[in-house]
Amino acid sequence: MDTMGKLLIFFTFSLCLYFLVALLYVFYKYWWIPYRIQHIMNSQGIRGPPYEFIHGNNKETAAMRREAFSKPMALTHAIFPRVMPHVYSWINKYDEKIYFSIDPEIVKEVLRNSEKAFPKGKPTNFFKKILGDGLVTTESEKWARQRKLANYAFHGESLKNMIPAVVVSVETMLEKWKAREGKEMEVFQEFTLLTSEVISRTAFSSSYLEREKIFDLLTKLSLIASRNVFKTRLPIISRFWKSSDEIESDKLAKMIYDSVMKIVKKREEIVTREADSFGNEFLGLLVNAYHDLDENNKLSIQDLVDESKTFYFAGHEKTNSLLAWTILLLAVHTDWQEKARREVIEIIGKGNPNSEGIAKLKTVSKPFKS
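The sequence shown runs 186 to 555 under the numbering used here.
The hints are all genuine.
Taking CB as the label site, the calculated pair distances span:
id : residue 1 : residue 2 : range
1  : Y210      : F553      : 46 to 54 angstroms
2  : M440      : R332      : 23 to 31 angstroms
3  : I287      : H224      : 28 to 36 angstroms
I should point out that these hints are in silico values taken from the structure, not numbers from a laboratory.
Even for Gly, the Cβ is constructed at its ideal location relative to N, Cα and C.
Starting from the given sequences, assemble the full structure and let the hints guide the process.
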């Protein structure tokens with residue numbers, strides 16, 4: 186047999202072996218492990234929805250969520266069936282003794298537990314492109330280093346210094362609202378613009394155009410990620426074939442990276458020309474850590490970008506939701522709205538808020554903790 190024939194046989198054999206190993210891996214990961222876990226749990230009297238090969242319970246979960254979000258929600262505190270309809274349905278159907286808590290203090294204690302009894306879940310490919318290896322997704326020493334930077338950037342004294350910038354942003358928003366008095370407006374969207382502007386000013390000192398571009402790209406990427414949460418990527422095939430969402434998300438992730446790097450380079454150029462430090466806000470601390478000569482404190486350029494993305498996205502997303510939820514609570518409970526208004530007039534008066542006055546606002550702080 187000639188050399189070409191031997192190479193062809195070897196190539197064919199290698200290809201067959203590869204696919205055999207791949208199929209065994211798929212069988213092990215998507216059939217053996219799930220059914221083994223299900224068998225162990227059933228033997229302990231713990232029941233649940235049956236596992237579907239490869240898809241798990243994703244199809245059922247996605248269908249329940251579509252149904253839950255297809256109709257408007259009543260003004261009620263019973264949000265569990267709306268937010269997590271699949272878990273609500275399974276608890277009622279299988280009558281299991283499940284402890285399910287959304288109490289902030291309990292969640293905080295579980296996540297901060299030093300025994301690591303509740304490790305962070307691995308983010309999906311799409312959410313990884315949004316958050317990277319930032320504070321939300323990392324653990325252990327890397328998390329501690331990133332947490333230290335964030336704590337330093339947002340400690341009490343730093344937050345006090347941010348108040349004037351926040352006041353300016355809020356005044357701009359309120360002036361716009363006055364011009365539209367009597368007209369209906371989407372408050373959630375208004376708060377999205379407000380929180381993005383505040384974070385850009387206080388944490389990154391970035392311009393309006395830079396802010397708009399990064400938040401627009403992150404919003405598009407988050408929409409792609411959210412619609413793919415319960416979609417199953419087919420094993421093996423997904424390694425060689427990308428969906429249109431994956432291709433688009435790769436482009437957006439690259440554009441976000443370039444936009445953040447543009448802001449970083451601008452900060453480095455300012456230091457080179459006229460300043461003697463990278464700044465004390467969050468971006469300045471990140472750039473300083475990137476240039477740190479101590480390897481224990483040094484951030485890689487990818488870490489710098491990932492941390493920036495995390496605070497751009499998670500920072501404004503959570504704050505925006507909190508503001509919108511608080512306004513809704515005050516709109517429903519007008520008595521608390523009146524109490525809060527009286528307290529603000531009594532303590533702050535007609536001037537702008539300051540750190541001393543804000544610290545005394547006990548009634549105003551309560552709706553934010555509801």
